[in-house]
Amino acid sequence: MRLGKVIGKVWAVQKVKELQNVRFQIVQPIQSNGEKQGRPVVCADPNQISGSGDRVVYVTSTDATQAIETGFAPVNACIVELVDSVD
Amino acid sequence: MIFAKVVGTVVANQKDEKLEGSKLLLCQETDAEGNDYEDDSYHVAVDAVKAGVGDFVLISYGSSARMTSSTRDSPIDAVIMAIIDDVELTED
Numbered sequence: 003m004r005l006g007k008v009i010g011k012v013w014a015v016q017k018v019k020e021l022q023n024v025r026f027q028i029v030q031p032i033q034s035n036g037e038k039q040g041r042p043v044v045c046a047d048p049n050q051i052s053g054s055g056d057r058v059v060y061v062t063s064t065d066a067t068q069a070i071e072t073g074f075a076p077v078n079a080c081i082v083e084l085v086d087s088v089d
Numbered sequence: 017m018i019f020a021k022v023v024g025t026v027v028a029n030q031k032d033e034k035l036e037g038s039k040l041l042l043c044q045e046t047d048a049e050g051n052d053y054e055d056d057s058y059h060v061a062v063d064a065v066k067a068g069v070g071d072f073v074l075i076s077y078g079s080s081a082r083m084t085s086s087t088r089d090s091p092i093d094a095v096i097m098a099i100i101d102d103v104e105l106t107e108d
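Residue numbers (our numbering), protein chains in the order written: chain D, 3 to 89; chain E, 17 to 108.
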């Protein structure tokens with residue numbers, strides 16, 4: 003699980019049926035102090051928990067497919083938690 | 017998922033039987049605004065959303081690429097799973 007900040011969103015009407023009602027956010031990976039780390043990634047947000055500027059926790063790879071309710075969707079990264087604070 | 021532009025089609029008559037009927041597209045990886053990266057990264061991806069040359073798309077790669085009804089159990093590692101209408105960046 004990685005820490006990131008939502009910096010944008012992607013609109014796509016035409017998508018595979020496994021991802022209907024799933025929206026996509028652009029997330030900048032960050033360190034615990036808020037510093038940027040690497041290129042932004044596109045994350046699915048199946049539970050619609052994040053908005054612009056929010057800090058989130060996201061999972062990648064096979065774990066990301068598990069974060070989708072059906073467990074069967076072509077995603078590489080998924081937002082799973084909204085971060086309140088990092089100590 | 018990565019951003020990409022569809023830049024061409026790949027035609028192959030002899031292919032794995034699980035790929036029969038699937039369309040292969042040549043895609044160039046871009047950033048969120050559609051700008052090419054300097055390293056010119058190209059991917060051949062299976063099309064699951066009726067995309068065409070010139071479209072701005074999202075590609076899923078790796079084992080997740082097999083997680084669509086049309087690519088289930090196929091020997092592929094990249095699939096076009098969405099055609100992008102718009103991208104809104106609120107900060108860099």
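Just so you know, these hints were derived from the structure itself, not from any lab.
Be careful, since some hints might not be right.
[To be verified] For lysine-lysine, the following DSS-like pairs were computed, each having C-alpha atoms within a straight-line distance of at most 25 Å: (1) D:K19 to E:K21; (2) E:K66 to E:K34; (3) D:K19 to E:K34.
Hints and how they fare:
1. For the given pair, K19 of chain D sits about 21 Å from K21 of chain E by alpha-carbon distance, which is consistent with the 25 Å threshold.
2. A distance of roughly 18 Å separates the Cα atoms of K66 of chain E and K34 of chain E; the hinted pair therefore holds under the 25 Å criterion.
3. In summary, the hint linking K19 of chain D to K34 of chain E is supported, as the alpha carbons are separated by about 20 Å, within the 25 Å threshold.
When each numbered hint is compared with the structure, no violation occurs for any of them.
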